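Enquirer: Add chain H to chain S, keeping to what the hints say.
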Amino acid sequence: MVLLEEAAEEEARLYEFAILYPSSLSQKEEQEVLRDVTTLIEEAGGKFRERDVWSTRGLAYPICGHREGKFLILHYTIDPARVREVDQQLRIMKGVLRHLVLMVRSAEPMVKFSERYDLWLKEEDTKDRTQKTEREEHVRRQIADRARRQANRPQKKIEHTEVKEEQITEQIQKIITDKDIDV
Amino acid sequence: MYNMEKPYRPRQEKKACSFCEKNVREVDYKDYPTLKPHVDYFGNIRNRSRTGICLRHQKMLKTAIERARFMGMLAYRK
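Quick mapping for you: the protein sequence lines, in order, are chains S and H. Letter by letter, the first sequence follows residues 1 to 183 in my numbering. Letter by letter, the second sequence follows residues 1 to 78 in my numbering.
Isolated chain S (complex conformation):
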């Protein structure tokens, strides 16, 4: 029975802390925010596991007037009874716009999504560019083919018949003298 009590006291689970702070802070303020957060978690008995800092990212909607933000993701092992303190302090902390505390269930190493997101952005850029160039080339080819076809087509000869003045006057006289037509 003693062993069980001991085990319950020293329990520490792996938690993930995701924090969003504005990107328009100066370097000093940014470092202050990061320091405050790490000291807060360590004071609550957290042991550092992993850390992932993301570059500035556009937010889908303005949060507290900011349209761009930076994410910070930390993995710490903490006693579950002390996590609530950390959560409460993070709500009040200056510089922190949003925070999320989650339990990490899988034992696999953390996937660094910052790198993945950058790669994905680059791929999308190249995709757009290649699509545009393909479309331009297709249009150019079409124009070239059309020009070639027109050049190869045998041109129709239009026959010009010379009309004399006398013939025209004859025709006009006929129309004037004709009784059935009203002129």
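Simulated from the structure, these hints should not be mistaken for lab results. Please read these numbers as outputs of a predicted model, since none were measured by experiment. Take these hints with a grain of salt, some might be off.
Here are the simulated BS3-like pairs of lysine-lysine, each with C-alpha atoms no more than 25 angstroms apart in a straight line [claimed, not checked]:
| id | chain 1 | residue 1 | chain 2 | residue 2 |
| --- | --- | --- | --- | --- |
| 1 | H | K15 | S | K112 |
| 2 | H | K22 | S | K127 |
| 3 | H | K22 | S | K70 |
| 4 | S | K164 | S | K174 |
| 5 | H | K14 | S | K112 |
| 6 | S | K70 | H | K36 |
| 7 | S | K47 | S | K112 |
| 8 | H | K62 | S | K70 |
Expert: Positioned in the frame of chain S, the structure of chain H alone reads:
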């Protein structure tokens, strides 16, 4: 009499769940490239009949998208 015959339309093939093929155990809210195709232009989560996802993964997707919306990675409404 008007024509009673309906035009023959072959049944659309059921798509396989893209998460089940990769044996995905967890859908992460930080994974924007995987979440984006399952959200429509206005920010709504797409229907399971359209994307072909199984129920288990759709529920995981839903929690992931809601977390991402809270953190500002996805829009609640465009």
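Enquirer: Against this structure, judge whether each hint is valid.
Expert: Status of the hints after comparison with the structure:
Between K15/H and K112/S, the direct Cα distance comes to roughly 30 angstroms. Violation of the 25 angstroms bound is thereby established for this hinted pair. Pair hint K22/H plus K127/S holds up; C-alpha atoms about 24 angstroms apart against a cutoff of 25 angstroms. Proximity of K22/H to K70/S is assessed by CA-CA distance (about 30 angstroms); at most 25 angstroms being required, the pair is judged violated. Only pairs whose Cα atoms come within 25 angstroms are accepted, and K164/S paired with K174/S is accepted, the gap being roughly 16 angstroms.
Between K14/H and K112/S the CA atoms are separated by roughly 33 angstroms; this puts the pair beyond 25 angstroms, and the hint is violated. The straight-line distance between the Cα atoms of K70/S and K36/H is roughly 20 angstroms, inside the 25 angstroms bound, and the hint therefore holds. For a cut-off of 25 angstroms, the pair hint linking K47/S to K112/S stands: about 19 angstroms separates their Cα positions. Restraint check for K62/H and K70/S: the C-alpha separation of about 24 angstroms stays at or below 25 angstroms, so the hint holds.
Checked against the numbered hints given earlier, the structure breaks hints 1, 3 and 5 and satisfies all the rest.
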